[in-house]
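Here is how the chains run, residue by residue.
Protein chains: 2
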Amino acid sequence: MSRSFLTSFARAERTRYEGLLRELVEIPTVSADPSRKKDILRAAEFAADTIHSFGGTARVLRPAAGHPIVHGAFHHPKAKRTITLYNHLDVQPASVESEPWRTHPFRLVVRDGRYFGRGTTDDKGPALAALFGVRAARECGVPLNIHLLWEFEEEIGSPSLERVVAREGRRLRTNAVVVSDTGWISRRIPSVPSGLRGMQGFSFELVTGKEDRHSGDVGGAARNPIGELLELMYQIHDAKTGRVKIPGFYKRVIPPSRRELEDFVASGFSVAAFKRDNVLTRLRTEEPLDVMKRIWAAPTFEVHGVEGGYVGPGLKAVVPHRAVVKASCRLVPDQEPEEIVGLVKAFARKWNKDVVVRPNGSSPPFRGLTTGPEAEALKRALAFAFGRKPVFVRDGGAIGAAVILRKLLACPVMFLGLSLPEHGYHAPNENFDWRQASGGMLAFAAYLEEMSRIGTGSGPSA
Amino acid sequence: MSRSFLTSFARAERTRYEGLLRELVEIPTVSADPSRKKDILRAAEFAADTIHSFGGTARVLRPAAGHPIVHGAFHHPKAKRTITLYNHLDVQPASVESEPWRTHPFRLVVRDGRYFGRGTTDDKGPALAALFGVRAARECGVPLNIHLLWEFEEEIGSPSLERVVAREGRRLRTNAVVVSDTGWISRRIPSVPSGLRGMQGFSFELVTGKEDRHSGDVGGAARNPIGELLELMYQIHDAKTGRVKIPGFYKRVIPPSRRELEDFVASGFSVAAFKRDNVLTRLRTEEPLDVMKRIWAAPTFEVHGVEGGYVGPGLKAVVPHRAVVKASCRLVPDQEPEEIVGLVKAFARKWNKDVVVRPNGSSPPFRGLTTGPEAEALKRALAFAFGRKPVFVRDGGAIGAAVILRKLLACPVMFLGLSLPEHGYHAPNENFDWRQASGGMLAFAAYLEEMSRIGTGSGPSA
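Quick mapping for you: the protein sequence lines, in order, are chains A and B. With the working numbering applied, the first sequence covers 1 to 462. With the working numbering applied, the second sequence covers 1 to 462.
This is chain A alone, in the form it adopts within the complex (with noise of 0.2 Å):
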């Protein structure tokens, strides 16, 4: 596989691969949103007919309730091996109105080579690219059976993901995984996490009474539902420092080795870029790798948002009958989703027995491959893409996919991400771009061909 026949299958692909990215950006995809089911469908059905265009095969697997997912195949016919590329194509709400996009999130903008949207980055962009990348292998001959799973779950926690996999059985069999959702530290050093922090979400809710009422009537003797959660927050966490109070909250977390710490000041991180690209003018703290320490490595717990009251225009003196608030814990290995909900509703019930407390959102951490077959092909096919040799770095962001894909179909998870610091994940503004996008074609198609020539790997034949 050369590499000038991979630039330019790259560049002579780049209209296709922008106007296939524009139709993906242009169905909001948010799967958070109840309302969007429909375009969700209608993304999924696009991709199915995108796969079929490219050669390959596609189903789109309905779970009983929620969100597709697409089961893409390429094969072979020579084929001793099944590698599956994980990507998702649901996204993450956006708003033109409560939020600061210089464009319309679910229009794609194209300016420069910098694709701007909701989705670029978080996950479209890299799974077209992945599908491109599998375009070349199978130009090149590469002897593989290539499998595709592109979820609409993933914002939300793939609550479907395991069922649906589960169900179709040998259908998914395959040696190897690669989740393609992941960040570089920076764009000069291509990464590639050794470990994810896992989620856990939660609400918290109180009511005590049926309606908003006016302060000046009833202001000293009811009760305010969002004082006392705002009290409750306090207890569980001092929000300065962002330590956690909950008793055995930090029982199972495994600190991180010498030897990862050492990749961590390797990896090209800086605090100022990290400030910059984040838009973040205040931090806890300002020392390296206290920073990398708690954005990589430590779990959190945030409050997202507080519903209930009035926050319009103006003041309106309500006593608020109701109010929700929606937080979260990032997690770290070896902390387990199911005990944490267990510390938290007990701590909150302890402290307020009125407040309901309910799970929203899971996903546990994972500690990946660093070593063996799999690990070497995938530094040798980035630095092949990239000119530039891979670090090992965990990631802060929780990807659900990876612990049940790893648990269901007994192989290797590898991650191949494209995503940049720069790209606004999750934010307004999100955007990809195309020297990530031409890269990560190349990155998979010679991954792909790394992975037909090793013996089999630790997985069942399929």
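Simulated from the structure, these hints should not be mistaken for laboratory data. There may be inaccurate statements among the hints.
As the list claims (entries may be wrong) - Pairwise CB distance ranges (calculated):
hint	chain 1	residue 1	chain 2	residue 2	range
1	A	R102	B	G248	42 to 52 Å
2	B	D238	A	A346	19 to 29 Å
3	A	K345	B	K407	51 to 61 Å
4	B	R243	A	G342	27 to 37 Å
5	B	D238	A	E168	46 to 56 Å
Stated by the list, open to error - Here are some of the chain A residues that sit facing chain B, going by a computed Cβ distance under 8 Å:
hint	residue
6	A239
7	N278
8	R282
9	R294
10	K316
11	R330
12	P333
Note that CB positions come from ideal geometry on N, CA and C, so glycine has one too.
Mind docking chain B on chain A? Use the hints.
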């Protein structure tokens, strides 16, 4: 002035009263919403036209900024005194999306003698009852000059009233003011406030970045402005007991006297009715006198809403970049709003120097008259109109106009309110009823006649 004349008068005017109430309710005069400026101007013109059609003169007074005030006047050739009736025609915000309105807040729905719609009881219905009372007094030849002051900024703390009243000077001179914007404790017993709580609004803002970011990427290192503001709110007050923890906050509070507490007990107040009328399922205390002390005679700190982050469907794992808490204090005699602003600002700065505290609307607490000719006239008028002697209690809400008018017009200020607990003051499904409207017409007519008979009061002659 005969009771039978007045009851016939009210009966004959019912259709006209309901027609005018409909016109007023269906103009959304939400003073907190800048986009309603034109609606408010339209309502002011309509109010002035209505006063004209009742035989008075009317001017729309425009402040330099802010909403207008309508000044109506009915002159009598033999009048030796002037009485001014104050109401307001602006209303609280109302949202059919976020509040459980059973009918549209800006459509008047008449059902079995009840009037549903935003502003029906606060304060458009009482304003029109006062106007019809003036008409009845005029038809009976009561020798008084009668002025009306109809404000459009009461719900946002009357920011322009003081300047406009000062500017108008002697054109507004009067011997007494009746503020008609208060409520009874129970439908059975007319009640008159001997004191009003004031209020001081606040917004607390904290900005730690320029955009919301994914907590997987930045969670742990990024500051969370919602979390930090929640912590500040907890430092300021104990939401479970309502106790404010800012040193000096209670310093100037005058606790109710034994005589006042006896009046509280005799007022007809019932905890069960209070809970039912305010649809509150849970209170901080269920002991009746403790509840009355809390809502009438004690200051508060209340969180009204928290802006920022994500509160849509599902969960979006963002670290917010900005949050605003809207809160306010109810104040009691002799707390001073400016002093409370100073205490809150200094306390917040001590706990979190990055939080920006802004005052957001203000009105001082008020101690009212319970003796003297004006108080006696009011008692007799209410007993005449409603067949039962009124009691003097306190009111939990702030009416900045009472403070401003007493100061600038240098005359007694009395309260003749018509709202009932079940009217849903400031709440969804706000309503008023014909019994209070027609009784109000009688009470105003009788009060004006009483006031025409007594000697010149403590104010200047006009």
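Grab the minimum C-beta distance from K316 of chain A to chain B and call the hint holds if it beats 8 Å, violated otherwise. Check passed: Cβ of K316 of chain A comes within 6 Å of chain B, closer than 8 Å.
Lying within 19 to 29 Å: is that true of the beta-carbon distance D238 of chain B to A346 of chain A? Roughly 23 Å apart at Cβ, these two residues keep to the hinted range, so it holds.
Is the shortest C-beta separation between R282 of chain A and chain B less than 8 Å? Constraint on R282 of chain A satisfied, holds at 5 Å.
Against chain B, is A239 of chain A within 8 Å by beta-carbon distance? holds, 3 Å
A closest beta-carbon separation below 8 Å is what the hint needs, so does R330 of chain A meet it against chain B? Holds, about 5 Å.
Regarding D238 of chain B and E168 of chain A, is the given constraint of 46 to 56 Å on their beta-carbon distance met? holds, 55 Å
Lying within 51 to 61 Å: is that true of the beta-carbon distance K345 of chain A to K407 of chain B? The hint (51 to 61 Å, Cβ to Cβ) holds, given that K345 of chain A and K407 of chain B are roughly 55 Å apart.
Taking the beta carbons of R243 of chain B and G342 of chain A, is their distance inside 27 to 37 Å? holds, 32 Å
Tell me if the interface restraint on R294 of chain A is satisfied: Cβ within less than 8 Å of some Cβ in chain B. holds, 3 Å
Less than 8 Å between beta-carbons is the criterion; does N278 of chain A satisfy it with respect to chain B? With Cβ-Cβ at 5 Å, under 8 Å, it holds.
Is the distance from the Cβ of R102 of chain A to the Cβ of G248 of chain B consistent with 42 to 52 Å? holds, 47 Å
May I ask you to test the interface hint for P333 of chain A with respect to chain B, counting a Cβ-Cβ separation under 8 Å as satisfied? For P333 of chain A, the interface hint is violated, since the closest Cβ of chain B sits about 15 Å away, which is over 8 Å.
When each numbered hint is compared with the structure, a violation occurs for hint 12 only.
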